Every structure is written in structure tokens, then in C-alpha cells.
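With these hints in hand, go ahead and build the complete structure from the sequences.
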Amino acid sequence: MEILTNIINLFGLETKLFIAQVVNFIVLLCILKIFLYEPIAKTLQERKNKIRQGLDDAENAKKALADAENQKTAVLKEAKIDAGKILENTKISCESLKRKSAEDAKKQAEEILANAQKQAENEFEKAGQKIGNMSVDLSEEIVTKILSEIFTQEDKTKILARAVEKIANGGYGKATN
Amino acid sequence: MEKQQIKQLALSILEDGGVSQESCDWIINNLSKNDLKLFISCFRSAFKDKNVTVRYAGNLSETIKEKISGMFPGKNIIYVLSDKEVLAGIKMEFGDYILDYSVTSMIIKILKGIRI
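The listed protein sequences correspond, in order, to chains A and B. The first sequence begins at 1 in the numbering used here and counts up by one. The second sequence begins at 1001 in the numbering used here and counts up by one.
Hints may contain errors.
Claimed, not checked - Lysine-lysine pairs mimicking DSBU-like chemistry, simulated, CA-CA at most 30 Å apart:
| hint | chain 1 | residue 1 | chain 2 | residue 2 |
| --- | --- | --- | --- | --- |
| 1 | B | K1037 | A | K158 |
| 2 | B | K1065 | A | K158 |
| 3 | B | K1065 | A | K130 |
| 4 | B | K1050 | A | K145 |
| 5 | B | K1109 | A | K166 |
| 6 | A | K158 | B | K1109 |
Hints were generated in silico from the structure; no laboratory data involved. The structure presented is a predicted model; accordingly, all values stated were derived computationally and were not measured.
Structure representation (C-alpha cells):
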């Protein structure tokens, strides 16, 4: 104890002063802790949290972007496949429609041709009949004219007498008016 | 006017020897359109019944005329020279009948047979 007191006296340490300084230091520490350290620590912690949050958000956004990119690729791929299928179907429909139209047109053309042929045949027949009748009428006229020139008065009188004779003997056919 | 009366009128006019100017005026002024039509039809029919029209070509001798008169006793015979219509032969019309013994009718018959 004496040694201790001697050492303390050697270094110039005074007990009361030392205690007061310690108390002072503690009070200062407390004050600094309350008014400086804790707010700063709080601010730092908040900033740290914000940064972490931001980093997490960025990470999530990156993930979401990657997902969206994948989805986009998948949708595009599907759309391409569908478009291909639709195009193929359209081609097939087009081909069959083309074929059907060609067949219908051919059938229609054949029908028209057959009708035209039938009509032409009918017209030909009618024309033939007409010509036949015209030639008969003409023949009638010619024969009548020729006979009127050929028959003399004497011939006519003879024929008349013969006709009356026949009628008188009952050799005639009646016709109604 | 009634149908019977119109028929009687037609017959009496025919017996008188035909339609005179006086009777014609009376008919036109007193008969309606339908009656007139009926009168003409009755007159035509009565004329046909009473008369025989003979169309002929050539010369008609008295012998032939007598023969024809003998065929239609009591009828009035009208002779018509129709060279073009008959050509040769004879054609008689009496009532609703026709006796056609002409060359023209023969030609027509032949040509009818070959007509299409």
C-alpha cells in the first residue's frame, strides 16, 4: 500500500483528480453515446439497411427481367410455331379451294357447251324444218304456175267434165268447211 | 232482239233476193253490235244452205250444168270461174261441205304428205 502510494506520488497522480477525471470521462462518454454515437449509429444502420434493400431490389429486378426475357422467348417461339401451322393450313385450304374452283369452272364450261350444242342442234332442226316447208311452198307455187301454163282450155274442160262425172257417180270425198 | 227473230230476219232477206239499201239502213240503225254479229252469222249460214258455189276452170257446158243442178235439187247454183284457184277440175261448196275435185287440191295433198 505504501509502495502504491509512492508510485502514485512519483507519477503525480492525485486520487481525487483521477476520480473526478474518470467521472468526467464517464459522463462525457454517456453524453456522447446518447447524443452522438447512437444517432450516428442509427443513421449508419438506416443507410446500411437502405443499401441492402436497394441491392435486394436490384437483384429481384434482375431476376424478374430474366424471367420476363425467358417468357418473351417462349411466347415468341410458340407464336412462331402457331404462325407456321396457320400458314400451312392456309396453304392447304388455298390449294383445295383452287382445285375445287377449277373443277367447278370446268363443270360449268362443260354444261354451257352441252347446252349450246343442244340449242344449236334444235336451231338446226328448226331451220331444217323451216327450209323444208319453204321448199314445199315454193314447189307448190312452181307446180301450180307450170300447170296453169301447160293446161290448155281444152284440157281444163276435159278434166272438168271428168270431175263432174265422177262426182255424179258418187266417187268423191267430202270435206267440211 | 231475240235470236229467233234475227234468224227469221236473215232468212226473209235472203228469200227476198238479198240485202237492199233500205234493209241495210234499217239493220244498221236498229240492231246492236252483238245482234248484228248474230245476223251476219245467220245470214251466212242461211246463204250457204240455200246456195251452192261452183268454182271451175275451163268451159262449162250446159250438159255439165244440168248434171250439177240434178245433184242439188231446189238449190240456187252460183258458178264462179276461178282458173287460178282451181287450175283444172271443179270445186263445190254447199252448206258446211266442200267437194274438191281440183288439180290444186291434189297438188296440195301430195305436198302435204312430204311436208316435214
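Status of each hint after checking the structure:
Taking the CA atoms of K1037 (chain B) and K158 (chain A), the gap is near 43 Å; set against the 30 Å cutoff, the hint is violated. Between K1065 (chain B) and K158 (chain A) the alpha-carbon distance is near 14 Å, which keeps this suggested pair within the 30 Å criterion. With a C-alpha separation of about 43 Å, the suggested pairing of K1065 (chain B) with K130 (chain A) is violated against the 30 Å cut-off. Restraint check for K1050 (chain B) and K145 (chain A): the C-alpha separation of about 34 Å exceeds 30 Å, so the hint is violated.
About 19 Å separates the Cα atoms of K1109 (chain B) and K166 (chain A), which keeps this hinted pair within 30 Å; it holds. Among the hinted pairs, K158 (chain A) with K1109 (chain B) is consistent with the structure: their alpha-carbon atoms are about 22 Å apart, no more than 30 Å.
In summary, the structure is inconsistent with hints 1, 3, 4 from the numbered list given earlier, while agreeing with the others.
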